[in-house]
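Enquirer: The lines below spell out each chain.
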Amino acid sequence: MYLVEIVIENKPRARDPEGETIKKDLMYKSGYDCVKEVRTGKLLRVKIEAEDEEDARQRVFKMCNDLRIFNPVAHSCKIEIRGKV
Amino acid sequence: MKVAVVQFPGSNCDYDAVHVLKDIIKVDTELVWHKEFDDSDYDAAVLPGGFSYGDHLRAGVIAAYSPAMRRVREMAEEGKPVLGICNGFQILVESGLLPGALLRNSCLKFVCKWVTMRVESTSSAFTNKYRKGSTIRMPIAHNEGRYFVEEDVLKGLRDKHQILLRYVGENPNGSLDDIAGICNAERNVVGLMPHPERASEKILGGGDGRTMFESMLEWVR
Amino acid sequence: MKAVGMELSLTEEEMEYARKFLKREPNPLEWAMIDAEWSEHCSYKSSKPVLKLLPTRGRRVLLGPGYDSGVIDIGDGYVATAHIESHNHPSAIDPYGGAATGIGGVIRDILCMGTRPIALLDSLRFGSIEESEHSRWLFKYVVRGIADYGNCTGIPTVAGEVEFDESFEKNCLVDVVCLGVGRKKGLVLAKASDPGDIVILVGGSTGRDGIHGVTFASKVLTERSEEDRSAVQIPDPFTKKLIIEATLEAVSTGYVHGLKDLGGGGLTCGISEMADKGERGIEIDLSRIHLREEDMVPTEVMISESQERMVFIVEDGKEREVCKIFDKYEIPYAIIGRVIRDRNVVVTQNRKEIANLPTRFLANAPIIPRRENKLRIKKAKHKFEMPKDLSATLLRLLSSPNIASKEWVFRQYDHEVGVRTVVKPGQGDAAVLKLPNGKFAAIKVDGNSKYCYLDPYQGGASCVSEACRNVVAVGAEPAAMLDHCQFGDPNNGEVFWAFSQTVRGIADACRSFSLPCIGGKVSFYNEDKETGKAIKPSPVIVVLGLIDNINHITTAGLKNEGDAIVIVGSTGLDIGGSEYYRTLGIYDGSPPSIDLDLEKKTMKAVLECIKRGYVSSCHDCSSGGLAVAIAEMCIIGDLGARISLDKVPAERLRVDELLFSESNSRFIISTDKPEKTLKIFKRYGLPSAKIGEVSAGPLEFSSKRTSLSCSLQDMKEAYGEAIKKLVEG
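Protein chains in written order, with the working numbering: chain S, 110 to 194; chain H, 665 to 885; chain U, 81 to 809.
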């Protein structure tokens, strides 16, 4: 079994109003002006049965597309294998 | 007597609260922009519902850092009545003026409907004019209204009768112990998820909310 | 010849027209501006001649179509504004963002008249949610998008409708309506008329969002659309809320001479339309604009559809006062230019002039004459045996997605914020809101693509009638209407014929009811390029009504055991396009006919009964016929009824036809004064009868030959749980 992390964010070129507000209205106003950018996303931590790392990655990739876990029109989806469990 | 309704960027139910206080309860009320909420002497404060800062990151968290909250904390320490409605409750909880947290509704959707509650304690700045044990109706409208708090703090709230309102018949958001509204240990700071300002006129569905504002007048007296 | 690196959607004829008029070749930036402004979405080049048929004058009308919103006088120095918008194509590929930004767009149209948005409505059309996972996905996320955006901006979504039909599978329709109120003297128009006035761009920064958005809307969806990355717009309701408050505060200073929201076609459409209305010109400097991406070229800046931006025309010398307000709310802004005397739209960058087009030319696309080919649909007669168990049929209809309760939808919408909502979703035929002058507004949106497919003329007229009936049923006088006509490719003669017939039907109904059209939209190209399948003709009608007296407000739920149940209107074999036929798999037939005079008289009579205080509850008959109408009244009121079908004024009909026929001009009323009520109907010469009474128990229909009965429990479950079961499993 493999631990896989799926991170879904707005496409890099698309605005992220939530990230902008957190940076501007929370961090900057509280003195953290060293922060230059904030982007928000959703994290899914998935334990999946697979033959090997490549197989795990393929399965997760297929699942994300088939089930519309992210909408390719608006989101980017990063898949990271975090090892065997 | 002068009441302040504190307006944050994104507050929505601010005008509603002002309307009820001014036109129905007939008390001197001012809508105050959060950056300007500082000097004047107000006898009570209402933090209205809405989506301050778009509910970004977590509902109420960014507003909790507004300079206005320093003044609100002072008023709370002075024993003045402070009411947090919906987003206002979320801001009070994020500011540490009330215990607990408000999480996403169990049904994972925004819910707008009228709910029935039981008045568990009339010993507070905003429930003193209700009859203990009576059931009242008010509407809720929120996405993050599930009250949660650790077991030991919950015990404290129960023992000291700080749970003012509980949902009856149906728990619309999965709140722990059916909690709809609570107060602090001094009983002057109250937070609730339902909207009393939307239940202050019969024509809009009922008048049980009026009593909450009338209680505030009683407390100050 | 096409501009370098850009795909234009202008036709050869349009390009020739442009060259001839200007007596030169426009440069690439100018071509892009013309392309954006002359897109169907912005210019209405196909539809203007047909839309001229709609009546636009009325004693309350201050501003008709052609402005951002229609405006009516509601008395006591107050006005109401209303507008309808759609985001069909964006919602088809990004339902959440498309629907949300649709709400953002319609709010802006109300806001830029200087009025406060006080209510939203939604009218949605999808493929079958019983059969299509894709349509369920679209439905769920469109609703969530509308909910998140409307709720965050604090504007209640108070009414709406959802229709399901296979023709919308690839082309969902997402229509949103906004109602606003304000003081008459605070009205601001979208025009730049005083030379020297300052042009300020306010709101979010300008990025590459939605580039080619309007031309995207004016093209048919193809496979590539799913990847059309730049056409997606990111919703930002928090910024919108700040803009609402800042705008209203700025308007109250009196220094704002013109306001326009930037929607389709971005800055190009915004400034050319304002200049054209003011019969002036505007000069702007692109180097002043706050950009999100530094490397944007002028063309991108001029056609970007970044959300949450408005153009303010401010009195020369008063910019500081107005900008102070934007500073308070921390909204970015930039002073980008001036209104000029010459009637040209001039764009400069770093002091160099890079585009210069005559205002009138840019803002008025040449009309394209379209062919009309009549489409004949066979009106087959269907013979089948009446189902044995009519109670089961009624329950099946109640759980049919087109009829079933939409509570799953409206519970996600905050419909109470603003403390104005008197009649809430699920309580009556239309929403009723408090107005600042002590009066009330009733508003409803309606459409029926199945009728319009079978007979566009009758269908168009029926939609107007149904929307009016809904407003009358809550006790309001219809005062104004908006229309949104949604069709397939206008190059297709049959589609264009259906469009022009529908508009004729709408126009005739409006004229008959003395109902002015104060605004509207037309959306073409709602079809799937691969299959060539167009949506069914989908006009969506909004009717706004006014109520003077709080006592006239009426809801639909039965109120008191023992009250009489009265029907006004005759039932005929109007069963083509009905929900009943649909559940039997029959999709043709003759749609309900309409007698506009009769419809008008019936509405007047019902209003008189309401005003005299005779009516306890009122509901119009539409989808599912009188059986569903009465069932709904039982469910809402938590009471039963006993109905004698033999008493219903009708042609010779089989029992199922009587129950489920969708004849126009009918209302069901519960009353404790049946004789007085019937007397009024008699005076108007209308067929009417007492057909039963309100009971505690089940809903029972009986006739000499049959009877059927449904328990309240069964009806509530069928009606109330259907949508939730389908969407959430």
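One or more hints might be untrue.
One side only, chain U facing chain H, incomplete, derived with CB under 8 Å [unchecked claim]: (1) Tyr97; (2) Phe101; (3) Arg104; (4) Glu105; (5) Pro106; (6) Cys232; (7) Gly498; (8) Thr501; (9) Ile630.
These are calculated hints, taken from the structure and not from any lab test.
All C-beta atoms in this analysis are idealised placements derived from N, C-alpha and C, irrespective of residue type, glycine included.
Enquirer: Is the interface hint for Cys232 (chain U) satisfied, with its Cβ closer than 8 Å to some Cβ of chain H?
Expert: Cys232 (chain U) check passes; min Cβ-Cβ to chain H is 4 Å, inside 8 Å.
Enquirer: Does the closest beta carbon of chain H sit nearer than 8 Å to the beta carbon of Phe101 (chain U)?
Expert: 46 Å, violated
Enquirer: Using the nearest Cβ pair, does Thr501 (chain U) come within less than 8 Å of chain H?
Expert: At about 7 Å, which falls below the 8 Å cut-off, the nearest Cβ of chain H leaves the hint on Thr501 (chain U) intact, so it holds.
Enquirer: Holds or violated: is the Cβ of Ile630 (chain U) closer than 8 Å to a Cβ in chain H?
Expert: Holds - the Cβ of Ile630 (chain U) comes within 8 Å of chain H, reaching about 7 Å at its closest.
Enquirer: Would the stated hint for Gly498 (chain U) survive a check requiring a Cβ distance to chain H of less than 8 Å?
Expert: 7 Å, holds
Enquirer: Restraint: Arg104 (chain U) near chain H, CB-CB cut 8 Å. Satisfied or not?
Expert: Nearest chain H Cβ about 48 Å off; hint violated.
Enquirer: Report holds or violated for the interface hint on Glu105 (chain U), using the least CB-CB distance to chain H and a cut-off of 8 Å.
Expert: 47 Å, violated
Enquirer: Given Tyr97 (chain U) was flagged as interface, is its beta-carbon under 8 Å from a beta-carbon of chain H?
Expert: 46 Å, violated
Enquirer: Under the criterion of a CB-CB separation shorter than 8 Å, is Pro106 (chain U) in contact with chain H as hinted?
Expert: 41 Å, violated
The structure does not agree with the numbered hints 1, 2, 3, 4 and 5 stated previously, though it agrees with the rest.
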